[in-house]
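Peer 1: The residues making up each chain are set out below.
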Amino acid sequence: DQQVKQNSPSLSVQEGRISILNCDYTNSMFDYFLWYKKYPAEGPTFLISISSIKDKNEDGRFTVFLNKSAKHLSLHIVPSQPGDSAVYFCAARITGTASKLTFGTGTRLQVTL
Amino acid sequence: DVKVTQSSRYLVKRTGEKVFLECVQDMDHENMFWYRQDPGLGLRLIYFSYDVKMKEKGDIPEGYSVSREKKERFSLILESASTNQTSMYLCASLEGGRIGSYEQYFGPGTRLTVT
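Going down the list, the protein sequences come from chains A and B. Okay, so the first sequence: first residue is 30 according to the numbering used here, each after it adds one. Okay, so the second sequence: first residue is 62 according to the numbering used here, each after it adds one.
Since the hints were derived computationally from the structure, they do not count as laboratory data. Just to be clear, a hint being listed does not mean it is correct.
Each computed DSS-like pair below joins lysine-lysine, with the alpha-carbon atoms no more than 27 Å apart [as the list claims (entries may be wrong)]:
#: 1; chain 1: A; residue 1: 85; chain 2: B; residue 2: 114
#: 2; chain 1: A; residue 1: 129; chain 2: B; residue 2: 114
#: 3; chain 1: B; residue 1: 114; chain 2: B; residue 2: 79
#: 4; chain 1: B; residue 1: 132; chain 2: A; residue 2: 129
#: 5; chain 1: A; residue 1: 100; chain 2: A; residue 2: 85
#: 6; chain 1: B; residue 1: 79; chain 2: A; residue 2: 66
#: 7; chain 1: A; residue 1: 129; chain 2: A; residue 2: 66
#: 8; chain 1: B; residue 1: 132; chain 2: A; residue 2: 34
#: 9; chain 1: A; residue 1: 66; chain 2: B; residue 2: 64
Selected chain B positions facing chain A (Cβ under 8 Å, derived; list incomplete) [what the hints assert, rightly or not]:
#: 10; residue: 103
#: 11; residue: 106
#: 12; residue: 121
#: 13; residue: 122
#: 14; residue: 163
#: 15; residue: 167
#: 16; residue: 174
From the three backbone atoms N, C-alpha and C, an ideal C-beta is built for every residue, glycine too.
Isolated chain B, as found in the complex (with noise of 0.2 Å):
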């Protein structure tokens, strides 16, 4: 069965820290993504990741970074946060190079709160 894994389900942090969400996949997939939600505005990608130290821009990258070492492992690092970057983090994952398959497979979320 499908496995996305995110460290925390609740976070509080204080503006300029350092964050780090960490999200794992069980499945061997090459393509793993990160979103937020907010109301109103959906889901926006962050960055995205289609192999082990590949990475790319998404839609919103401003003030985010992100990491991939390992094939499993996709995180996610502000890097001074701030308030405007409260918000639902959601992973994804998806297998590579299946034709006519685009289901992403999501984490339960993290929802960051910078105070």
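Bound-form chain A, shown alone (with noise of 0.2 Å):
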């Protein structure tokens, strides 16, 4: 049971456009979201959090929104960068689980030329 989902596997983007990357997840006890970033052969890498006491968290060129009602969030990635190319995972944490996190399949972004 995937209770986070990123139902895109794959996004190709020209450099300086905007990326928009999307995750859903289905169970309504979750109350932390973050991204990683990670490039091949390497560990991912923490980018962006939110509570989901807020619906937007801002750092830079990246900016998370959180939809509650819809259990919906997406990363928005402007502008775009040929280094952004990487793979981006949401993951969610439980209320109370203190440490657990669950995480999505995965979207592998593709910035060009």
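Take each chain as given, in its own frame, and dock them per the hints.
Peer 2: Structure follows, in structure tokens:
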């Protein structure tokens, strides 16, 4: 049972344009969401997070939006750069579980010149 | 600076061998995790530990065991490796007790091939 879903396995965007990566979840007990970025042959690195009490969090070129009623979050990258080409995972934490995260299946973003 | 290291980047083992994957973190974190990453399946939690000698099963613990004798070191053990355990293995750590901060720090991963 995949509780965190990333329905787009891949996405191609031109340099300078906006990249929008989507994530859907089914468990209403998730209270904190994170995005990770992963290059080939490297471990994932933390990118940005959002608490369920907020609907938006921004950090430079990266913004995460949370729509609790739709159980949907999205990561916006503006403007997209070639170095953003990577696999992006969304992850979620269940209230009260302290430290355990549930990850999505990932979306491969390719930023073209 | 946060650092999680894994003993090998690439490993090739034969079916039936006992395999040890080592992970060390230098941040004095209480929590440590082992995941495997497979195409189309994302990261799946195998085991985690929230203190020395404490462990809990994750979502896919079958065929694996773990050991945490010291705070900084978390080992994943494949008792008898099988070809379906060919995967990328990722170790992560997390500081305990910080409300509102659940960011796990990952090591570079070990690409294990079982032939």
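Peer 1: Among the hints numbered above, which are violated by the structure, and what are their numbers in rising order?
Peer 2: Per hint list: 1, 6, 8, 12, 13, 16 violated.
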